[in-house]
Structures are given as C-alpha cells and as structure tokens.
Amino acid sequence: MESPTRSGSMLKRDNLTFGFPVFLLSESIIFVSFFATYALLRWKNSNWFPAGVSGLDIHGAAISTLILVCSSIVIYFAERSLDRHKLVRFRRLWLLTAALGVIFLIRQAIEWHNMPFGLDAGLAGATFYLLTGFHGLHIFTGVVLLLYMYFRSLTPGNYNLGHRGVSSVSLFWHFVDVIWIVLFVLLYVW
Amino acid sequence: MTNISVESTDDPPKLNPMSWKRYFSFSTDHKVIGVQYLVTAFLFFLIGGLFAMIVRAELLTPQLDVVDRSLYNGLFTMHGTVMIFLWIFPANVGLANYLVPLMIGARETAFPVLNAIAFWLIPVIGVLLLFSFFLPSGTAQAGWWSYPPVSIQNPSGHMINGEFIWLLAITISGISSIMGAVNLVTTIFQMRAPGMSFFRMPVYVWTTLSAQLLQLFCLPALTGAAVMLLFDLTFGTDFFSPFKQGDPVIYQHLFWFYSHPAVYVMALPAFGVFSEVIPAFARKPLFGYKTVAVSSLLIAGISMLVWVHHMFASATPNWMRVLFMVTSMLVSVPTGIKVFAWTATVWRGKLHFQTPMLFALGGVAMFLFAGITGVMLASLPFDIHVNNTYFVVGHFHYVVFNTVTMAIYAGIYYWFPKITGRMYSEGWGKLHFWLTFIGANLNFFPMHPIGLQGMVRRISSYDPQYTGWNVVASLGAFLLGMSTLPFIANVVSSWLRGRKASNNPWNATGLEWTTTSPPAIENFEEIPTVTSEPYGYGESHRLAVDPLSHLS
Amino acid sequence: MRTFNIVLLSIWVGVIIFASHTIGQQAYDWLPIAAAAEAEPVGHLFSFLVTLGTIVFLGVMGVLVYSVLFYRARDTSDAPAIRGNLKLEITWTVIPILLVTWIAIYSYNIYQRMNTLGALPLAHLHFVEAPAYAEVGNNNMQRAEQIEVIAKQWSWSFHYPSRNITSTELHLPVNQPVRLMLQSEDVVHGFYVPNFRIKQDIIPNQTIEFKFTPSRIGQYQLHDSQFSGTYFALMEASVYVDAPERYSQWLAETATRPPVPAANPAKSEHIQPPAMPLRSNWHTVPPAQPPLINK
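Protein sequences appear in the order of chains D, X and F.
Under my numbering, the letters of the first sequence match residues 1 to 190, in that order.
Under my numbering, the letters of the second sequence match residues 1001 to 1552, in that order.
Under my numbering, the letters of the third sequence match residues 2001 to 2295, in that order.
Treat the hints with care, since some could be wrong.
If you want the footprint, here are the derived chain F segments under chain X, 3+ residues with CB under 8 Å [unchecked claim]:
(1) 2023-2036
(2) 2168-2178
(3) 2181-2192
(4) 2226-2236
Selected chain X positions facing chain F (in silico; Cβ < 8 Å) [what the hints assert, rightly or not]:
(5) Ser1070
(6) Leu1071
(7) Pro1194
(8) Gly1195
(9) Val1249
(10) Leu1368
(11) Leu1380
(12) Pro1381
(13) Phe1382
(14) Gly1468
(15) Gly1481
(16) Met1482
Hints were generated in silico from the structure; no laboratory data involved.
Model, not experiment: these values are computed from the prediction.
No residue lacks a Cβ here, since even glycine has one placed at the ideal position from N, Cα and C.
Using the sequences provided together with the hints, build the complete structure.
This is the structure we're talking about:
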C-alpha cells in the first residue's frame, strides 16, 4: 500500500486519504437503510417485543457505549503520538484501542448469549441481531485492522513516508463508533 | 488476437507486457481491465439476449407453447438481471476504466488492485446466476425487482435455492460496483493532469463521475435490502413479511431508492459517449459545454428523489404520489438540456456519417422518444393506467437498449482504433447499425400500443387481441439477435487483421488521442499540460494541450 | 431571403402544430374504450401529453433530420467553432420548466377529480377479525355499493356483504359509485381494469379502499397487475357493468345458489401441466384453495 511506484507515488498515497472516506460514506448508506427500515417498522408496530420481554438491557449497552467512546479518545491520542514520533507510546495506546474493541465484542457476545429471544422472534429479534451483528462485524474488522497496523509499526522506518494507513484505520474506528451511538439511541434508548 | 502487440510506426517497441495473454491475467492496468470488462460484459449480453429471444418466442402466440410458466418467469428474471448487472453496468465501467485515465491525463487509476478485484467478481456473479438454472428449485423467478412476499415463498424448501443465489449475486455485484466506484471517483478527483480543471474535463468524465457518485450513495440501499430479504428467505425473519409485523412496501422503497438512480447510472455514461462522438463527427465544439457538464450532476441529484414514481399504484399516500410526480417531472429539465445541446451541435456542423456517428444520432433520436414517454409516465393519473404494462417495458427498453446500448456500440466503434490500434470495417459497421436500429424499433415500439391497450408485463400467455403487435415485437427481437453477428465478425476480424490505425484517426480532440494507438503501458510518454476547454473543433488550439510542457 | 426563411419556418411550425394536434386527437383511440367516469379525464390528459410530446419530438427531430440532410461534410475541414449561446441555453431550460409545471398542474387536477382513494390503507387487519371499514364515512358515498375483493394465488373472488354472496365474476351497477375493499391473502397483487384506467396494488394483510364509478354497460377484463408468481398470467376475472335492474336480478339469482368451489385454471394447470418443448420441472407454489362461490 505504501510502496512508491514508478509514477506519481505521492499522488497515489493521497488517494487513500481521499478514497477511504468516500468508501465510508458509501458504507454508511447500508447502515442508513437498516436504520430506516428499523425505525419505520418500529413506528408502525405498537407491541414490539415478544411476550414477556419489556426491553433491552440499556445499562449494559450504556457501559459498552462508554467503552467505545473511550476507545475513540484513546485512538485519537495514539495517532497524535505518532505525529510527534513517540512510537512506543503510539503502540501502547494503539493496542489499548484494540483491547477496548475486544472487550466490547466480548460484552456483545455475552449479551447475545443471554438474550431472551432469538433471531426469528418477530421484528425485535430480527432487527436487534441484524443491527448489532452487522455493527459487530465492523468492530471485528476494525480490531483486525488495528492489529495489522500494530504489526506493521514494528517494521523499522515504516512511517518515513507518513502514516496514511494508520489515519485511515483511525477514521474507520471513529466511524464505527459514531454508528454505534446512533444504533444505541435507536435500539436501546427508543 | 496475437497481432495486437504490433505497435503503430511512431511508437517505441514494447516488450511482452503487450501480449494477448494479459487479458486473461489478474492485470492492474486500467486498459486491460477495461477490455476485460467490455468483452466479459458482451458475452453476458449475448446470454441475456438469448433469454430475451426465448421469452419473445413464447410471446409470438397468445397461449403458452414454448416454455412452462416457471421457466418463463425464470427467463425474464434472468434476462433483466443479466442485462443490468452483467451487461450495461460492466460495459459502462469497462469503457470508463479504459477512457477516464486517458481523458484526464493519468497514468493509471487510483486503486489498481481494487479495480482488478472489482472486475474479477463479475465472472463470479455470472457463473453463480447461470449455475442456478440447474438447481432443483430452479433459478430466481420473482422478476428483477424481487418483491416480497413472492420472492421469499421458496416452494422447494431448500436453503440453496434460486432466489438465494440471486440475492448473493446482487450483493456481490454491489460490492464490485462500490469498489469500482471508489476507484473511478478517486481517480477523477485526484489524478487529473496539470491544468485539467473540472471545467476542462470532457463531458464523458463528468457523466462517469455523476454515475459513479450515484452508485456510491444509492447502491448500498439495495445491498441493505438484499441482506434483509436474504434473512427473511433463509433465517425466517420477517422484515418484509406482511402476516407478521413486517412490511413489504419498505422493501419497494429501498429497492427503488437505488433502482431508479440505477437507470441514470446506465444512461449518464451513454450521454457522455454522445457528447464525445457528436462533436467529433460534426467537426464542431459541443454546444453549451458547461451546462451539459453541470446538468449531469443535476440529473444525478434529482434522480435520487424520484423513486416513488415506480410505486404510484402501490400502497403510497396521495401526498407522496403528488410530490414524487413533481420531482420526476423535473428530471426532464437537465436531460432536455443535453438533448438540445447535441441537436445544436449538429446544427450547421460538417457532418461525417461513420458508424460511431450513426449509432450516436440513432441513439439520440430514440432517446428523445424515450424522454417524451418518460415525462408521460411521470404524470400520475396516466401512469396509474400504464403502470406495470408493456408501455413501461417499451419506455425502459428505449432507454436501456435504444439509447444506452446504442451508445455503448457508438463508444466501442469510436474508440476501437485507440483500444486495438486497428480500424474496424466501416461497411460491416453500417450494416450492424441499420440492423440494430430497425430491430430495436420493431422490437420495442410495439410495446407502447399494447401497453396502452392494457397488456400487463410479465405474463406468459395473453389475450389474443394483443397478438399483432406481439408478433412484430418478436420478429424485431430475432432481428436484434441477428444484428450482433456482423458486429462480432467485424470486431474479431478487424482486431486480428484490420488496417493499422493512426494515433488520431478521427482527428478528434481529447487527451486520449494525443497518445499512441494502442496506448503504451502507462499511457503517456510525458504527462500533458492542459491549457483550455475540451472540444476545440474549428479552433487553432484544438487539442488543448501545451506541446511545450515538460512536466512530470 | 430572410423573409423567405421566416415564411418557411412559420409554415414548418404550423405543420408541426397541426400534425401534433391531429395525432393528439388520434390518441384517444389508442386507449381501450373508456368504461368508467375516471377514464374520461385520463383520456384528455393522454391526448394532451401526446400533443405536447409530438410537438417536442417533431421539433427536435426536424432539426436533426434537416442537419443530416443539409449539413453533410464536403471536405475534412472543421465547422465554425460555436461554443454556445447563453440566451438559447436559458431558453431551453426555462421552457421545459414551464412545460413540466403545466403538465404537473394539469395531472394534479385530474388526479384530484379521479379521487379513487386507493392510496389509503384502512388499517392493519388480521384475517380472523371482521374488516373494520364501516367507520370510514364519506357523505356523498353513502349509497356506494360495497364489495370485498379477495385476491390470492391465483384467483379473484368478490364478496357482496349486503347479500352475503361470493362470485368469481365482478358485477357492478352502471353509473353508480362502487367501493371496493381490496384484500390479499398471500402476496402483493394488483387490481387493474384497463377500461377503467385505474390500478391499485393490494398489499397482504391490509384492506385498501378503492372507489370509482363504472359508466358503460359491457363485459371487461380484470388483470392482476403486480407479478404474483408462477400462474400470474392466469389471474384474470370478468367484470360486468350491468344496468341497475340486470344487476339486482344477478344479485338475487346468485343468492339462491348454494356455495361450491370455483373452477380455477391455475389449479387445473398445476395438477396437469401442459406438455411444453422446454420444461423446467422446478418447484412451484401450489395454488391456494379455490374460493367457494355461489354458482
């Protein structure tokens, strides 16, 4: 990704800073379509949850939200450390972000496991598992990318030409965080 | 096909990277990918055309006498799917891949590997869809709209069924299109040559940009809908199931939110081809270049707000119907600007009637007709009468075949010397044009009167009162099938043995004509510097390139 | 020479307008015979659209054909480099805006006059409950005949609650408003009678109210207009617009007949598929039980 080719190498690396946000904007439309479907269906159906269920675990979800927001702050400082060439500090904070992501995923898995209803239990089940699942897939991708970038950072001289890969992963992480906040409001708070 | 490695006289000798084998490799050269797209798409065009001809054979007579009803439904579903997702989309993306870097003065596209992956997903989709014909449950039979609940009925009860494969293919196609769109949009924004400001880009680049922006911001809605439909079909959820809490109309909204703009994804590049070909063969600058360029973005923008006109007879409230009637009407304004501009370009020009010009003028004339029936369809009370009848099918085919496919043909002929380094045969090209033009009108015009009379689309047998026009349409379809033969013969023989083409056989403007035919691996010896607007026909500075520049 | 050109152009404009008017008048005949009050204004609208469309088509095609005939290149030189004309470009932006505004307003007026109500789903109903359409009142509609239309794969049936009869034929009294309660038992269907120029999708598990006024005695065809699966093409029914006395007579006669299962072409074709050169043997959704009708 970072190796300069024969022609226009500088241009090429700028492309990632342009193209990746474009891709994320496009990706967000899938979430918008899910959110819109969810909102319309929920608005039309008065008895949303299956019998015996009054709502989702908002406290647990609030803690998860807090974890993700913290991870966004941590990754911001990680990137800033890299800007200031503090490589060790960058690696530590970067791994902390990944760890927070993993904690989030574990909490998600526990919530799924303890869920009183399944995927086929009406729309409450279908929308819950679709939205959290699709978002969880993004968190998982984010963690994989974080770890990949961590191992790349161990290569000497890796950031001599800048760190657009790191910035892109960081942007992705913020994106997934924002999506979660919308999801939290729609799914748990509503 | 070995001869394509031979270079034109003024080109330095190149090594084996120009071997024909590169077309069968995972190449990251945008020109190779462009040709791969075009050839693959054309093969699927033939398959989709074969499906259409079986459908038209069935419709020769009112009663059912060629295929059984399930097969008929599968055939028209696959006809639509193959033509849209495996012919027009990839053919347009192929042309854009080949041309956009050349037109903006770039050596390659922004994300060459991503681009190659996007292409190689196309054959995967094709194999999946064709393979579904051999499933015991058969291929998808719910039409390319795939409206629930019909699409999720799954009579076989198998998990791997035609609809499942169809949804999988649509999702993969979405991923491929998004990859392609990210690549093209980034290329256009980031990789323009020095001096190539937005208002110096050829209109083809503007239309490609507009179309690819639509892909980026509308297509994910279809992908989202397909995922939810897949869940309903396979995992027993009920997003769109009306008998639980779900709502099938939400699917219709998501589907058309993408699939109306999808028509512009197909049509905008066609407008781009017209805007390149017509000035070159009228020897005149494109009339009103800037308004034509900007109208592309306007079309794209407005087309995102018109989708409910496909649902005028669905469960939509009156306010929504009226609102979307108004927005739908408005699309005709920027589209009209383009048609008038092409007409004014031709006016008082010095017209040459080589094959590309014939296809372009034929396409514009038939698009005029399609545009007029389009405004009629936007008119709510009239649409309620013809909605889901053959009138809509006729209008749609005047757009996607008689305009877009004509434009793709025009583009292939126009840039054939650039792509292959050889000239095509003019006589065969003209024969191809006349067969296509006559076949297309015979095939698709009769759909308007029978639609007005009330013949519903997607029926496998029909009332005998509609027979006459249906026979004409079927004969037109068979003629269209035949019309591909001179094209194939022409392309294959010219590519192998055609007369060598010069760098600029049409004496046209545009950066792609300043480099060799075919262009070398990285397109330009030196990155050109652009000094003025495109289409400098009749002007002293016609190529709009500074010959003294030594940049790069 | 200049006056000559102006005269020539005026003649051409005259020809276009005359031709467009003539074709616009012809357009009425391209539609099936109008058999409902709602069909008349749609005919006028279509004629208007065809007239305008023909003017635009002939106008632009005239320029194109003239150019093709008279601006053929004689050499390889370039034409004059005319890059544009701001006034002209503004003109061909403003005129279409005015035209489509005119079309939109005209269409809106006609849509108001049709007032078929079709867009309004009454309520989400479960089929175990009785339809709750009674409370939707519309003063001038009190006398409207109410008929329940039940669509399923692949049959139509029509229930007349006033006499408690069901039929596979839709009988309607002429010149009287009718109110249909559209219901589907499985997938999305569409209610479409070309002679009435009206169409409404039927969404399962909803009752959609739909009203119109048949205006011409005769037999017409009802089509399913939304693709509904394998035997979609067979989903048709006859619609009879009857004189009032004939209509009452039919109601009375039908009421005396005992309910029997209706004949159903989809069912017979499903049981005994016709031999075709190209057969798929794919699984199909079995047709629903034919309705019980008074026959």
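We went through each hint and held it up to the structure:
1. 2023-2036: holds (count 3)
2. 2168-2178: violated (count 0)
3. 2181-2192: Result for this restraint: holds, n = 5.
4. 2226-2236: holds (count 9)
5. Ser1070: holds (4 Å)
6. Leu1071: X:Leu1071 check passes; min Cβ-Cβ to chain F is 4 Å, inside 8 Å.
7. Pro1194: Check failed: Cβ of X:Pro1194 comes no nearer than 23 Å to chain F, outside 8 Å.
8. Gly1195: violated (19 Å)
9. Val1249: holds (6 Å)
10. Leu1368: holds (6 Å)
11. Leu1380: Holds, about 5 Å.
12. Pro1381: Nearest chain F Cβ about 5 Å off; hint holds.
13. Phe1382: holds (6 Å)
14. Gly1468: violated (14 Å)
15. Gly1481: violated (17 Å)
16. Met1482: Status violated, d = 21 Å.
Violated hints, in rising order: 2, 7, 8, 14, 15 and 16; the structure is consistent with all others.
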